[in-house]
Each structure stands twice: as C-alpha cells, then as structure tokens.
Amino acid sequence: MSTETPQALTPVVSLVWGEAKDGTYFAQMTVSGLTSEDQARAAMDHMQRLFCGAEQEPIQ
169 MSTETPQALT PVVSLVWGEA KDGTYFAQMT VSGLTSEDQA RAAMDHMQRL
219 FCGAEQEPIQ
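Residues 169 to 228, numbered by the working numbering, are exactly what the sequence shown covers, in order.
Take the hints with a grain of salt, since some may be wrong.
[Stated by the list, open to error] With beta-carbon atoms standing in for the labels, derived distance ranges:
hint	residue 1	residue 2	range
1	G191	H214	19 to 27 Å
2	E205	V181	28 to 36 Å
3	G191	R217	28 to 36 Å
4	M215	L177	15 to 23 Å
5	C220	Y193	24 to 32 Å
6	R209	T178	15 to 23 Å
Hints in this document: simulated from the structure, not taken from any laboratory.
Cβ atoms here follow ideal geometry from the backbone N, Cα and C, with glycine treated the same way.
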C-alpha cells in the first residue's frame, strides 16, 4: 500500500497555433489541471476580460 500523499495539481497553460482546413489560421489557449467547474469558469471569465473586454459573451 502506498503511503504517498497525492500532490495538488498545478494549472498549466498551453498555447498552440495552426492552419485550419479553410486556409485561415488560429491561436488557441488551454488551461488544464483545474480541479472544479468553478475554477474553469473563473479561468474562462478572466481570459475573456483579458482578450475580449466587453466585445462578446463567452460561448458555452
């Protein structure tokens, strides 16, 4: 039996860019390692404020 204490996950931000099938390009940011829906929603709200301001509502 293992006596190791599980370490808390640390959120990780991943960035990727690429070319879509229609020839346009995209940039994508993913935050992984979140432990709750509340954390995911908070991350989404924060990124929306940073990158979109009041331009648009988040897509659910």
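Okay, the hints, checked on the actual structure:
Between G191 and H214, the C-beta spacing of about 32 Å breaks the proposed range 19 to 27 Å. Taking 28 to 36 Å as the suggested C-beta distance range, the pair E205 and V181 does not conform, at roughly 19 Å. Checked against the hint of 28 to 36 Å, the C-beta distance between G191 and R217 comes to roughly 31 Å, which is consistent with it. Between M215 and L177 the C-beta distance comes to about 19 Å, which sits within the given range of 15 to 23 Å.
At roughly 18 Å, the beta-carbon separation of C220 and Y193 lies outside the given 24 to 32 Å, and the hint is violated. Judged by the Cβ atoms, the range 15 to 23 Å given for R209 and T178 holds: they are separated by roughly 19 Å.
The earlier numbered hints that this structure contradicts are 1, 2 and 5.
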